[in-house]
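S.K.: Read off the chains here:
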Amino acid sequence: MAKRAVLRSFGRHWLKPLTFWLLALPGLWLGWQWAMLLNGQPHALGFNPIETTHRFLGDTALRILLISLAVTPFRDITRWLPVMKVRRRIGLAAFWYALLHVAAYLGLDLLIAANMSVAGMFAGLWEDVAKRIYITLGMAALVGLIPLAVTSFNAMVRWLGARRWQQLHWAIYPVAILAVLHHGFMEKGNQPMPWIHGGILALLLGYRLVRSARNRSRPSPAAS
Amino acid sequence: MFFYRKPKPWQGREADVTPRALYINRRQIMAAGGAVAVTGLVGCGGSETEASTSAASTASSTAAARQPAPPSGGLQYAGTGYSVPDPLTPIDAVTGYNNFYEFGVDKSDPARHAHEMSVDPWSIEVDGHAGRTGRFALEDVVDFSALEERIYRLRCVEAWSMVIPWIGVPLAGVLQQFEPTADARYVAFETYLDRREMRGTRFPVLDWPYVEGLRMDEAMNELAFLAVGLYGDVLPNQNGAPVRLVVPWKYGYKSIKSITRISFVSQQPETAWNKAAPNEYGFYSNVNPNRAHPRWSQQTERVIGGNLFNRRETEMFNGYSEQVAHLYAGMDLIENH
Ligand code: HEM
Ligand code: HEM
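Keeping their order, the protein sequence lines are chains E and U. One point on numbering: in the working numbering, the residue at position 209 of the first sequence is 209, and numbering is uninterrupted. One point on numbering: in the working numbering, the residue at position 86 of the second sequence is 86, and numbering is uninterrupted.
In case anyone wonders, no lab produced these hints; they're calculated from the structure. Glycine included, every Cβ here is placed at the ideal spot set by N, Cα and C.
DEER-style ranges, computed between Cβ atoms: (1) P42(E) <-> K275(U): 36 to 42 Å; (2) R196(U) <-> K131(E): 39 to 45 Å; (3) R216(E) <-> R291(U): 51 to 57 Å; (4) L308(U) <-> Y207(E): 41 to 47 Å; (5) M84(E) <-> Q268(U): 57 to 63 Å; (6) Y173(E) <-> R291(U): 33 to 39 Å; (7) F203(U) <-> A202(E): 15 to 21 Å; (8) L25(E) <-> G330(U): 55 to 61 Å; (9) A24(E) <-> S321(U): 46 to 52 Å; (10) A24(E) <-> Q268(U): 51 to 57 Å; (11) N310(U) <-> R89(E): 37 to 43 Å; (12) P42(E) <-> S118(U): 28 to 34 Å; (13) S152(E) <-> M331(U): 51 to 57 Å; (14) Y173(E) <-> K275(U): 32 to 38 Å.
So here's chain U without its partners, still in its complex pose (with noise of 0.2 Å):
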């Protein structure tokens, strides 16, 4: 429904993944071209002070399609509605804070050894449900030229939050091309797992690969985005490159990143925090002031980024209410957490 006018030539397997140079060489074609359209310069007001330090969030807030693109190959993309009030996150905070325990548990491991992860090229394996699976190259499950921005929320689950410039495509239209048939009620995303270029995996955390899931609906929903990029780049390895899932009204670690696979099926899926310890972490896995966490108050958060001395107020759905809200009526979420 959102970009429907895409279809490629679906080969299955053939289709495999395209050459590295090929790849860049896209990405540059795609980023010097400038065939998309700017149609909207949302969220720029509160970016630019916070942001006016990345050279990519400048592309993004002057004219982009006539720009040359910025030597980091930077990306083409249209701004949305999609934003929030909110002060960005500073881009070093946001690269360099991240829970992604596959490269270590603390938070600097990922900026440290997420290169160590190749992603060019890059392919998604999908099955399940679905009228076309078998393994899918990135660019042909993402449309690059149809990238828009939006501003989201991010909350963790461990009581912080920051505000992102995603670059992505909705994740509705990238699931309606594989054709999901009426068994398809759950759709689950596996994170890559390599030992060898992910040294986090050594230790069995979690049990990897790591697992998330969404029911179908919330899949579709509007505010359900798949990313490539963020302030106005290529995703860093650590915030989940090539493609990530992010789900703004759940807690962070819903929003799955580096996903490998795509499965369409009938049964909730078991997803990875859930099976650690499903008193903590739920499948719905809504932010929810009112559910205390057994580990954190969930009540407030701490602004990454903002005045220390201070905690937000914590929104039911992160504030995103409106959106998603009618995807659970009627549901105990306290229960269903």
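Excised from the complex, chain E in its bound form (with noise of 0.2 Å):
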């Protein structure tokens, strides 16, 4: 049929050039807003061009999180397998981002507000890590993030093994509450934002459970 053919042909030709643009393109227009704002041309940044820069990245990292943690209930639902294809993709820029939000972080404030000494920089972080419990959970998070970013390479995974590379892979689940907790924890108020991040991450997590509950009252061969 014409339409699984155009399907199959774009899973496999173009998902993943396709995903790796979408990933890439919240960072390209924040650099491009940047460059604008630099030059004293308009731009998208706002009256504080960096709060604005630690939210957007802030927040596309934990989307980008979500959207990972939705391939295998979108794949289960739909059967289109390719997916799975651009899952670590998918993972692997939520954390490129969660970086770059600390990075901008260190960078724009806490280098700036450390008179630009490095060891000033990392003093005031340690300072809040022990401090502000929004930024250990943020950092709490990162840390849990950098196992499976360092083990995203093909030979790495060889190594590792299928299974325990998979168990390894279980963080992502503690790290995204995490990553919810922060942003909750970060905002003053009772503010509606982190409940529905925590809202859909609830979803996602409560798949699995039933799922894995459905599993075990099954006789084995379903195991995929």
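Since each chain sits alone in its own frame, please combine them into the complex, following the hints.
M.R.: See below:
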């Protein structure tokens, strides 16, 4: 059937590059806006561009993380297998945005507050991690992502072996919870956005609980 | 003590609110009449470079008293000695970057949605330990013929700051009109609340309505100000129209917006942010670089509209120690944050 052929061709040739560019888009947009700002052109970063940058990168990291968690349910529901080929790259993009988010905080806040002293910048980060709950949580989330990112090469995967590698990737669940908590504790008052992110995460995690409970109650050959 | 000359026929509840047309008319009369002399063009030096784009501020730095009113219905006011040397924050930042959670939690939400709030006519309920209580029209609370400009620094707890030319009247004179009694040890203020007009209040970000308060001696301090305008014009809704508090030595959230109630009370009022997170937002909330807030270090601040790659050292009481430090003599300001 024509429709199926188009879908197969899309999955084989277009899915990976398209995903790559879609994932890069937020970063390119942000870079473009900063270039406009530094050149004195109209830009979309508002009256507090540094704050806008932190928020944009933090939101992007978390939302991409949520998308990476939606890949498996998407496959289960649509039975469109090629989507699995981009899960790693989606997860990795979340890691890169989280890293940029932290780098922006280090460079655009702490470094400046420490009068451009790099030692002062890291002292500031350490102080924040120790004192400010939301940054403690953010740091924990970032640390949790590092082993996944470091093992994201094919060679590493082979070296670890599929089982251990899979065990490692369960870390993605606590990382996502930590990231939502980081967002929630960061906001003043009781704001809606962390609840929305948290609600989506709860659905995605709830889906896995239900699925694994079902799988367990069924005879085994269904394991995939 | 500031404009005691003005007692109006206080009629309690019957005084009620001024019809919209009359109110607007009054503002125009005031603006065109130019009854007020400009006593000193304070702060305009600092404002010249940054603010020259604003038609309103041009009116303020020229002989405003003799000028016809700007078409927008700008305010007539005198200058005073209350000014800071720092450059003014551009007006589009002052009116486009706001925390006013009643209209949404994003800084750009108030500018987008605050127009949904109706501010004409406006009345204020006065209650508690005072000789004169009841509902008063805004014009009977604020003497629009005695307005003055004050250029104050505003320091937000989120570690950013602005410099804003407010128009209004000293709070002390306003409060004294109501003849507070000896039991009035604190004064509490409440923000307007209407779920239809204020979309942000449909989510319980805070325990609405927003409440703030001052100790009576703080409220009577010369710096405490009730603003009805900024940059020479009436307050835009997102900045707390039609009347808001300005207490420049405290974090921005103390300067409550769109006030509909003033209560003279004997107990320290439960303020909105203090209820939400007592360890973060104390009753006093004086700007204090020595008290690390659980969320933001308070030692430095980002100046909105200023150099992105520079942070300003935050000063004790936001630089207003001379006027207010005596209010807190002997108090532990870390504990009483
Ligand atoms: C050491 C690690 C981290 C630090 C120091 C950090 C720092 C911050 C800061 C300072 C803000 C507040 C921005 C502002 O309003 O000015 C913020 C917000 C945020 N961060 Fe992080 N962060 C860290 C890790 C992470 C990670 C790993 C994620 C997600 C994967 C994340 C997601 C977010 C989100 C979603 C927000 C809220 C954005 C918004 O309100 O729109 N952060 N972070
Ligand atoms: C060589 C690199 C990577 C490979 C081969 C890989 C592959 C896999 C595989 C096979 C799973 C299935 C585990 C399971 O269902 O229990 C998985 C889970 C997952 N990994 Fe990775 N991954 C890689 C890197 C990353 C990175 C860097 C991230 C994120 C920072 C990430 C995020 C995820 C997510 C979100 C899941 C899904 C868990 C679920 O759906 O239940 N992956 N990964």
